[in-house]
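> Spelled out, the chains give:
Number of protein chains: 8
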Amino acid sequence: MKIARNSKLVLIGDSITDGERARPVGEGLFGATGKIYPSKVQGLLGAVYPEQKIRVVNMGISGNTVRDLKGRWQADVLDLHPDWLGILIGINDVWRQFDLPLQVETHVKLPEYRETLEELIKKTRPKLQGLVLMSPFFIELNKQDPMRRMMDEYGAVVKELAASYDALFVDLQAEFDRILQHTYSADLAWDRVHPSVVGETLIARAFLKALDFQF
Amino acid sequence: MKIARNSKLVLIGDSITDGERARPVGEGLFGATGKIYPSKVQGLLGAVYPEQKIRVVNMGISGNTVRDLKGRWQADVLDLHPDWLGILIGINDVWRQFDLPLQVETHVKLPEYRETLEELIKKTRPKLQGLVLMSPFFIELNKQDPMRRMMDEYGAVVKELAASYDALFVDLQAEFDRILQHTYSADLAWDRVHPSVVGETLIARAFLKALDFQF
Amino acid sequence: MKIARNSKLVLIGDSITDGERARPVGEGLFGATGKIYPSKVQGLLGAVYPEQKIRVVNMGISGNTVRDLKGRWQADVLDLHPDWLGILIGINDVWRQFDLPLQVETHVKLPEYRETLEELIKKTRPKLQGLVLMSPFFIELNKQDPMRRMMDEYGAVVKELAASYDALFVDLQAEFDRILQHTYSADLAWDRVHPSVVGETLIARAFLKALDFQF
Amino acid sequence: MKIARNSKLVLIGDSITDGERARPVGEGLFGATGKIYPSKVQGLLGAVYPEQKIRVVNMGISGNTVRDLKGRWQADVLDLHPDWLGILIGINDVWRQFDLPLQVETHVKLPEYRETLEELIKKTRPKLQGLVLMSPFFIELNKQDPMRRMMDEYGAVVKELAASYDALFVDLQAEFDRILQHTYSADLAWDRVHPSVVGETLIARAFLKALDFQF
Amino acid sequence: MKIARNSKLVLIGDSITDGERARPVGEGLFGATGKIYPSKVQGLLGAVYPEQKIRVVNMGISGNTVRDLKGRWQADVLDLHPDWLGILIGINDVWRQFDLPLQVETHVKLPEYRETLEELIKKTRPKLQGLVLMSPFFIELNKQDPMRRMMDEYGAVVKELAASYDALFVDLQAEFDRILQHTYSADLAWDRVHPSVVGETLIARAFLKALDFQF
Amino acid sequence: MKIARNSKLVLIGDSITDGERARPVGEGLFGATGKIYPSKVQGLLGAVYPEQKIRVVNMGISGNTVRDLKGRWQADVLDLHPDWLGILIGINDVWRQFDLPLQVETHVKLPEYRETLEELIKKTRPKLQGLVLMSPFFIELNKQDPMRRMMDEYGAVVKELAASYDALFVDLQAEFDRILQHTYSADLAWDRVHPSVVGETLIARAFLKALDFQF
Amino acid sequence: MKIARNSKLVLIGDSITDGERARPVGEGLFGATGKIYPSKVQGLLGAVYPEQKIRVVNMGISGNTVRDLKGRWQADVLDLHPDWLGILIGINDVWRQFDLPLQVETHVKLPEYRETLEELIKKTRPKLQGLVLMSPFFIELNKQDPMRRMMDEYGAVVKELAASYDALFVDLQAEFDRILQHTYSADLAWDRVHPSVVGETLIARAFLKALDFQF
Amino acid sequence: MKIARNSKLVLIGDSITDGERARPVGEGLFGATGKIYPSKVQGLLGAVYPEQKIRVVNMGISGNTVRDLKGRWQADVLDLHPDWLGILIGINDVWRQFDLPLQVETHVKLPEYRETLEELIKKTRPKLQGLVLMSPFFIELNKQDPMRRMMDEYGAVVKELAASYDALFVDLQAEFDRILQHTYSADLAWDRVHPSVVGETLIARAFLKALDFQF
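Chains as they are written, first to last, in our numbering: chain A, 1 to 215; chain B, 1 to 215; chain C, 1 to 215; chain D, 1 to 215; chain E, 1 to 215; chain F, 1 to 215; chain G, 1 to 215; chain H, 1 to 215.
FYI, nobody ran anything at the bench for these hints, they're computed from the structure. Treat the hints with caution; some may be incorrect.
[As the list claims (entries may be wrong)] The list that follows gives simulated cross-link-like pairs (lysine-lysine, PhoX-like), each with its CA atoms no further than 25 angstroms apart:
1) G:Lys143 x H:Lys143
2) D:Lys2 x D:Lys123
3) F:Lys109 x D:Lys8
4) G:Lys53 x B:Lys109
5) C:Lys109 x E:Lys8
6) C:Lys35 x B:Lys209
Keep in mind that this is a model prediction, so the values were computed, not measured.
For reference, chain A alone in the conformation it holds in the complex (with noise of 0.2 angstroms):
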């Protein structure tokens, strides 16, 4: 696995990765780590590997766009001192343009999206052994629906990011659309964004088959 023994994983990002965790750090006992993907990561690899000693660390913030994780990027990152991070961000920065389309100053554009995190991985990328890259998803098979569309100019953007920050890419909304070949978006999430487990649970895959992980 890539992931170093005793190495300290952060997980950042947005609703998908908070699940009610702990704060103001989501580590710990008592399901600090949150009820989703994070925590799904955490049990996989202390399951399979424990003897890595990985620290798992949940910083997700429901509601977050990238705008969102600039302004808590000191605190909630790089004081942390990972070893490795993972970053899903960028359905809010997508999303309020389609459900809050007049509040467009709750909107993070295209280029504010790019500049904004290729500013936070500039300077965090240094001072990792790792990094991994989500793309933002989308759970809706159709792409011309246009908010589909968007969210895939938005992943384009991760996927060039991770090209250049030598970053580990996970392409989520790849993973999602090869379930979708074998069910409804309905069956994962009414909302298309917030996945029951089998979405959490996919995910939790997706980001460890990056590292090489062996079930």
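Dock chains B, C, D, E, F, G and H against the given chain A, drawing on the hints supplied.
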């Protein structure tokens, strides 16, 4: 307006009707008609036609399919002796086939839907001054979407039954499609089913327009 | 309709406006515009004129008098940069003189009411595309009733100010008087102030009719 | 004082009597007689005439009409074997005709009111040492108000029955009218029905004065 | 009645006064004067003398000793500009010596009690139209009981100060002793301190009788 | 210690025994024996004599009199097959005569108390290895106090029955009297009935000393 | 994978299975399969094999022993018509012998455990496509620990029954022992029974590996 | 008994001491000393030696290590001016090394433990009449268990410091070991740390025996 003075109007259906109405009967003070479309019907009738003195009774129950309506039809419709009846049912009949695809016992397939709805209408229509049948809807513009496609089939049944049984037909799907020309579905409902205040108002307005309500 | 495409409409007032709106700003998803008249304005605008894309922002606070509005005018009106503004204030200014007759420090007498309201209008009108002034009301048909009599005096001030400052005037008292031809006040509001859904709808409708809204 | 030592006094009625009394019987420690007029009767009797040892039992239930009293008369009055009985009923009998005008099945019209109340009195009076009948009231000074006018008719029935059945008559409407010479109804009750502490005390005092209570 | 029309009456004290009054000032609608003796004073004044228009303000705080009163005297008494003031303090000053005998820092011994109370009276009496001093009390008939004995000493101080500073003195201990001729203390208060509705009424009545209130 | 290895000890009584024990049977994990004297008995037995393996079962119910015990004796005592039984009853039998003096139907007078308690003992004693009878108590040193005086009479009955039926007698009143030499009753219990942790411990210790428990 | 397409898999057991699943049947939306091992099985099956469409139904109830399973076997297993069944039972059968040593009626001794479990398997196996038996476990490495020792005996019974009845055997104790080579039991479960997310995942993984699940 | 009349005894520690005590200071009425060992000390002292009048103050805080004690020593110990002090600390210092093995910043290793505890004792001992040091404990009989082994090392430090600083040493580990001869750890504490009422009593008893308390 088509509905006569001193009429009693019962609205039956699922969560689109229910809206936390009072139990066992959704009529009276303190928001007894619920928070959504039926109370908007009540508000508009009362504000514009106070002299008509229409009783509005909400008998919706969240999660219901037409199979559930059949089970409570005597107590919740016939025993209330409505003059007019509004029926909006079918969304869950379809949705369960998409969000619980494996739990087939929860699915109300098209033949059962048609047969049951017709049976209920047949035995009730003679006792009514008027009947309003509303199409079930899915807030999704893409007619190739599998759930939208099936919902359209259920809606077509409602339209046929309206024609056969001298009922007013309200094409709610067409109403939502009109709005979706101007905004994305997430602005109306994250889950494309339970609409925000704009969608609730849309339903009430379409219902009232069918009655020749003048604002 | 008088209100232009892409306008921002702020509604300010007391409990008749508030209705458990979101804090600090009553705009957004999940019922942020509250449960009463402003959300009905929002619902009707969105359902009928989706292409107009009007932002509706509810800034009511229960219990407020015009004295309270003055204290929060900068933050809650001017800083939001409305294109259109709706003001419905004065009920508590009058009511406290009748329900807390001994606590004279809570009373906003007519001169203070007129002067304060005019001051707020004067400094705001030039920044607006349109202003709607609604009369305070008391759901009591007897014009000799002391509280009704005083409410009429406050309403007359609103009407005068509307004429002086190029504002649309909405005579809510006249609207309620119309309904009261057909039913008793207790059917609308036990306390003759906080109306049921019929009264909330009445206010929204009168407001919208002043804007030449077509249902 | 008219009421004899060691008597048991039962007070029955609606929400004006109930006041969150203990169930099933409103007697005992920890506010069992409720928070309003019956507990004030209890407090004054106990403070001024401790040697009389009068048992006060509150059997009011909010929302009751005389039709409801009939349904529970055996269990809630006769089975308690009162020496004295106080009855204050009729407000909801009238109110429902004004706040739920369309739900006619909830209305207790004057003939039913008179007949039912007389039936209850007739079968109970012989078992009692004393009976106190209080008029229902509406805290509104305008005698032309429709609800006040009807309430006065119901009050007249109570007065007649008091004369016919050797009962003390307490004219609560007259008591409230006296207060209303000095203040507006909203100072006593926003809904003109459920009075503040001043009104509760007014009822208790009028009741006790009918018994020749000396403060 | 001794208290003049339009007077403001402030009642200050401990839990015998507080009774869940509103904060920060115990005046206004919805039970703001609390549930116990001050609201009974308010109720009786309003019911019998509505034309006098007396403002009743409850400033009691549970658990207070005279040392606590001193700490909040400016804000809670002087700044309210009372015309009349009622003080009922001393029970906790004594009680803590008996229920927390080891926590001597909570004890307010007799000299401190006398000195502090006198200081507060001295600086306030000139600003008042009238002052009512009530003795602290213990609902125990046995004058040899140690806590009763000490309470009597504190009561004697109140009586002396009333004589020195032209205040009306209300001997609440004597009032409770009168009741205790007819019933046992547990009927009034399990803890012999916080009285039931009979005791609360007793205090209100004694207070009002000192003002020549006529029922 | 008198109680044999592997014995089952049931403690029955009123609120002095109950202490929020588990229902229906007060035995097991997580504080099932309640918070007061029985759990202290359990704690001391387990800490000092772990090898004795005594089962402690709390069957107290707050508010009970001996009349209530009779009603549940079969289910709550006999069906549990205790080896040893502890009974502490009588406080409410006396107290109701003092705190609810008018509700005579709640009073358990001395003859009924004696007769009922004897009946229960008579039919149970033969099935027991040992029986402990505790006197009811009142935390008041003044033997002339009416409630103390009556409590002493009830305690005397318990003592007599203990002598007649080969039971251990625990004189709890004497225990409390000893403490009251050094502190005032309010330090132990504001209501002189429900003791603080010192009083609970006192009961447990007296109970255990009767069994020749060595600390 | 051994489990066939469109199979229904029921998982029955105690708190290790339950995890706040939905009642009465743990299947459906919104976390109906609970928060622990069954939902992890569901998540992994759905994420990796979406085309297999396996129904996962959680029927665990906290605190159950095999004696409890017997009592609800018809309703909770047979009536659901599972294709595959997973059973994890025995922990409470053992634990009660150690944490409630005196309450022997709660103990399910080894012979009863073996006999009851065999009876359930015997009557169910013929109706199943496959059966998975998991050993009960105790998260304690010391095999001389008395509770571990007894748990191993119960686990041996499960292993034997698996061999006799053509069931897959999952040795969960061996799984936990493997983890305990690398960390202390408190890292997995303070009580050595209810495991954290790592332990829940361990169970799900061992279960799935027995089915030849490929990650 | 070693502790003198009128002494103030402060007990400081972690969750074994805390037990939901009152904040900020755990002394006074209504269970202010918490529900566990300190209140049992208070109960026994008060029941047996009422004439000694010992003040018992609980200053435990759940989760504390000796590092936390240092941070609050001035406010929570020195400022309270105890005559006697009881310290029970170290369990969390050890436990975190076993239940949060990766979060090394939470670990208080042996040298820090020794140094910090000695520093606190050194500066406090001269101000005290007596000091009681209790060993931390782990309710596990197996001395080869890694956590038990480490706990024994921390306990040895406490024993040494007791000898060096003229403190009474209470060997709680030995006490629990004694009980564990007769029952399994799960009977005392599922987590082997937070004991049931038997364990709480064991601690109180051992503490008191060190003071030559006679039951």
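> For every hint, state whether the structure bears it out.
Evaluated hints:
1. G:Lys143 x H:Lys143: Judged against 25 angstroms, a Cα distance of about 14 angstroms means the pair holds.
2. D:Lys2 x D:Lys123: Distance ~22 angstroms between Lys2 of chain D and Lys123 of chain D Cα, so the pair holds.
3. F:Lys109 x D:Lys8: 21 angstroms, holds
4. G:Lys53 x B:Lys109: 20 angstroms, holds
5. C:Lys109 x E:Lys8: With Cα atoms ~21 angstroms apart, Lys109 of chain C and Lys8 of chain E stay inside 25 angstroms; holds.
6. C:Lys35 x B:Lys209: With Cα atoms ~24 angstroms apart, Lys35 of chain C and Lys209 of chain B stay inside 25 angstroms; holds.
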